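**Q** Chains as they are written, first to last, in our numbering: chain A, 31 to 352; chain B, 8 to 157; chain C, 85 to 742.
Some hints here could point you the wrong way.
Each pair of labels, with its calculated beta carbon distance range [to be verified]:
#1 A:Gly103 - C:Arg220: 56 to 64 Å
#2 C:Val688 - A:Gln184: 54 to 62 Å
#3 C:Pro218 - A:Asn52: 23 to 31 Å
#4 A:Glu345 - C:Lys697: 33 to 41 Å
#5 A:Gly103 - C:Ile402: 35 to 43 Å
#6 C:Pro665 - A:Arg51: 20 to 28 Å
Here's a subset of chain A near chain C, in silico, CB distances under 8 Å, partners left out [stated by the list, open to error]:
#7 Glu123
#8 Gly124
#9 Glu129
#10 Tyr246
#11 Ala247
#12 Ile251
#13 Cys257
#14 Arg259
#15 Asn265
#16 Met266
#17 Pro267
#18 His289
#19 Phe339
#20 Arg340
By construction, these hints were calculated from the structure, which means they are not laboratory data.
Nothing here was measured: the structure is a model prediction, and the numbers come from that model.
Just so it is clear, CB atoms sit at the ideal spot from N, CA and C, and this is done for glycine as well.
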Amino acid sequence: MANQVIENLSDLISLLTELFRNGRLTSFLGYQKGTVKFKSSPLIASRAEDLAALNLDDFLHYNLTFYLKEIKGKVGLLVKGCDSRSLISLIKEGQVQKEDLYIIGIPCPGQIDVKKIAFSMGCDPEDLEDITRSEEDGVIVRFRQQVQRLTKEQALLDKCLACFYPQPLLYDVLLQGDYLPPVPPKLRGEDETARKSAAEKWAYWSAQFARCLRCYACRNICPACFCPRCVVEENMPEWISPVPTLGDNFVFHLMRLMHVAGTCTSCGECERVCPVEIPLMKLNEKMAADLKELFAFEPGVDLEKPLPFRTYRQEDPNEFIK
Amino acid sequence: MTENAQKGKTWEPRVLAFLCRWCSYAGADLTGSSRLNYPANVRILRVPCSGRVDPLFILKALRSGLDGVLVSGCHPGDCHYTAGNYHARRKFIILSRLLEYVGLDPRRVQFSWVSAAEGDKFAQVVREVVADVKELGPNELFRIPEFAPE
Amino acid sequence: MARIGVFVCHCGTNIAGTVDVKYVAEEVAKEKGVLISRDYKYMCSAPGQNIIKDYIRLYKLDRVVVASCSPLLHERTFQNTVKEEGLNPYLMEMANIREQCSWVHKDRVEATQKAIELIKMAIAKVRMNEPLYPKRLSIKRQALVIGGGISGIQAALDIAMVGHPVILVERSPSIGGRMAQFDKTFPTLDCAACILTPKMVDVRSHPLIRILTYAEVESVQGYVGNFEVKIRQKARSVDMSKCTGCGECLQKCPVRVESEFDLGLGKRGAIYIPFPQAVPNVPVIDREHCRYFTQGKCKVCQRVCPGEAIDYEQEDQIITEKVGAIVVATGFDLSEPTEYSEYGGGRYKDVISGLQFERMINAAGPTEGHLKRPSDGREPKTIVFIQCVGSRDESLGRPYCSKMCCMYTAKHAILTKEHNPDAQVYVFYIDIRAAGKNYEEFVRRAIEQYGAVYLRGRVSRILEKDGKLIVRGADTLVHGQVEIEADMVVLATALVARKDAVHLAQMLGIPYDQNHFFTELHPKLAPVENVTSGIYLTGACQAPKDIPDSVASASGASVKVCALFATEELIADPITAQLNPALCSLCKVCQEICPFGAIKEEEVTKPDGQVVKQMRVIEGVCHGCGLCVSSCRPGALTLQGFTDQQIVAEINTLASSF
């Protein structure tokens, strides 16, 4: 990978402009100011002129790799550490060729979770007036003329507290900055739901899946979901009905998990966009933990390692089979 | 269910068994040729290879109200198609753990390797699976009542 | 709208004794699309089959369900029945209500209910059945034999005798294999070279056999009847068309290196032929040791060659050939004598392996047939032979028996005694496996006629002392220990698969077992065939084998090849995968997962001129396992005969039959 480091945003825009001009890029995926407070929007630039809107702030939630399913050609894109894993997954799934990409790694001090802050302060996100990072650790929130200091744990996305890959694993250039995890990363540990009895687990997950609208936002935003026609839309045979019944909701989520296993990198987007707040990351992390334990496989990390369901070892776990 | 309820019968588990044509299905035939007995709760669905069994079939079977699922194939190394059961094995353990995580007792979905020569083993596997599923009771979980024929 | 006919068999009382077949026929008649449903005593009998045919004709049935015994038994029968009446044979499904119902359940009510549900499942499936048409494939009637040992030679001769061209590929500079290294063969004590070389000459002179020695198979693509193989003809540095075999170069080459053929007991030049009767009788230059290639000097061979055959510029060549069948005859290696450090193999010069002994006692070998201790060249008077060195040992991961060692050890004992009647010969054994024709008698001769002393027990240690080898072992038949001062110890090492057996297996797409021997189609009933059609196994690469069995298996494999070539066209089983490119995301999981390499990516030109990549199933290679189908997430792949729709229809029908 190149040792080139880009000093600042305007240098980046100059570089990208040049790449557009000389035909190295036909599209660019970045971030721009959102129309809503505390939210950045994805920026899809198809000409150099569009780059003027490029803006980097503390709300770069979107995993831009997901657009690579649609946007083909020579694509430049910004990736945070976590996004780069999705990129590696997509390359391994044959969905994108590395040669077609121009990957710009960006430093990420952790992205701010507005819903989490608002919830802890007992208000709506719209009531928050200002959120800024403080020079010391943490985040300063202004709310109804008051100033509140929150720790990183209280302010950042949950997935940022388990950031093991702050520096992109794949890139052509890096934007200047510290590529360190925001806090010492800790896996969420054994999910407490896993220790409950079967009946309790079922009650818990029934309660979660009962809320599912089958809006498919989780599937739509997922970079690992790139099938031209999703199994849920197959009607010959029909696997699940379109109606969001509890039973079919269970089957949908379990089906999706089995299909993205090995490609899902726990980027967290599915959980972030779920309108009814189903804790999908619990399921993703359970899958990731099992793949690691059973097959020594970590998704989106090693371009050479075969995807877990494309290979096997004679010594694979066998005791569960009579 | 209505008929049985009318007849006052006790509930009997209904287990669907996916058997691979080359080993387990032939093994089940041997059970028959040997006139061994096993509970009548199991219905066999023939597939060419255990690798043909998509985890979605298992989910579909549970969702449609069947009480238990058995998938049986050739012993590792003996697959007629050389590697089908190896790949299936990986998917099955992941599915099994996932089902357990969301609260389904793993005894509802079981797996076995039964060769064409193991007629007695097949009978034993069926007995064990049916006994397990019987103990767990009817599959009320996936079969949410809204579409159950009443 | 399907027009389904259901035929429920009594099978005498086998089914009807437990299942109420009349009631079953009545109940399943209520299923959607079932026009007629009837029972009969013996569906597979001629009258029974005629009933099916009559009803197909009368009711214009387009789907048939036969509820009777196992499809593994009679699927073909009933497929032929419906075919005779003009219905595509794949529009018939069976419900197994005998082996998997009436024979395993006692309760009449339960068994009847189950039979009804099983038939309903079959009806649901058959509704979704599509007519399938077997593909016809052409056959290239040329065979490839990989390996020029005795089994490869026999296979080549047998196939060529029927009139088909054969390419025989051998990795070493000459054909002949292991047998060329032997002195005499058991149980007849025929001279190995004397019985082998005529066959080698036959191969050389046969117009239909093309020998490629010093060559290796590099890649194999395609499928039965249509393999494309790439063979690397390594550069001999000698022009075969000019070499007269005079041997001048061999005499004059100044280099001396260890000869592989003599297993380190003898030397050869950098330009060499492995043994005098080599076929072809054309030397090769070992470029790693040749002074010209390593230092730019010498070139003596070129100077003395009367035919100007030396060609230092020669390069490897890739030869591409199309063949219809491949016979694998790659033979075996032997395990290292160093495996048991307590025996001193590799440490003590006079502890040698069985094959080294063979080279030594061979009159054409490095010691001209004289037994000489490698340490000081003196004749050994007391020789100890140890059997099972490396075989039958779980701790080495080698639990199997190498089959030949008991016999060749007895042979070595006899040859030693013939050479020197005063020699003392001891054989340590665990068992004697002499099961072949005249084999037991042969071993008895070694003991009774030639006086070899057979000790039943294992050797615990061998020590060197004052130029002698002290062999300590057990003699279990007298419950005692023995200690023998030997001049030489010969270890019967294990027969193992070639080091690159796995590489070859993967190249060919054939399975192998935990010992890396290639797996046969069926251990009892198909020992020379393979799961992969068109590839046949012969000789020791499949399992330890002696010469008669190797030759027999070669002839067996040959007849399979000839049978293949005798068919006009290959009828491919139509239970194959089909791919719909519109649903495919090109993730290539199918290509990676297919055990047979039946799915390939190719470039296709669309009607609008655009060139796109698409995955395609090569039907001739597809075995119909369905692994790709269950791995395809968007459902672009289906397996004809076992589609998702069919299986889900069976599941749904079962679930709703409460």
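**Q** Taking the hints in turn, state whether each one holds.
**A** Hints and how they fare:
1. A:Gly103 - C:Arg220: 56 to 64 Å: With Cβ atoms ~44 Å apart, the hint is violated.
2. C:Val688 - A:Gln184: 54 to 62 Å: About 56 Å separates the Cβ atoms of C:Val688 and A:Gln184, which means 54 to 62 Å holds.
3. C:Pro218 - A:Asn52: 23 to 31 Å: 56 Å, violated
4. A:Glu345 - C:Lys697: 33 to 41 Å: At roughly 35 Å between Cβ atoms, C:Lys697 and A:Glu345 fall inside 33 to 41 Å, so the hint holds.
5. A:Gly103 - C:Ile402: 35 to 43 Å: 38 Å, holds
6. C:Pro665 - A:Arg51: 20 to 28 Å: The hinted range 20 to 28 Å is violated for C:Pro665 and A:Arg51, with Cβ atoms some 36 Å apart.
7. Glu123: Hint on A:Glu123: holds, closest Cβ of chain C at ~5 Å, below 8 Å.
8. Gly124: 5 Å, holds
9. Glu129: 15 Å, violated
10. Tyr246: 15 Å, violated
11. Ala247: 19 Å, violated
12. Ile251: Hint violated; A:Ile251 Cβ to chain C Cβ min 17 Å, cut 8 Å.
13. Cys257: Given a least distance of 4 Å, the restraint on A:Cys257 holds.
14. Arg259: With a closest approach of 5 Å, the A:Arg259 hint holds.
15. Asn265: 10 Å, violated
16. Met266: Holds, because the Cβ-Cβ distance from A:Met266 to chain C comes to roughly 6 Å (cut-off 8 Å).
17. Pro267: Hint on A:Pro267: holds, closest Cβ of chain C at ~4 Å, below 8 Å.
18. His289: 5 Å, holds
19. Phe339: 7 Å, holds
20. Arg340: Result: holds, 4 Å to nearest chain C Cβ.
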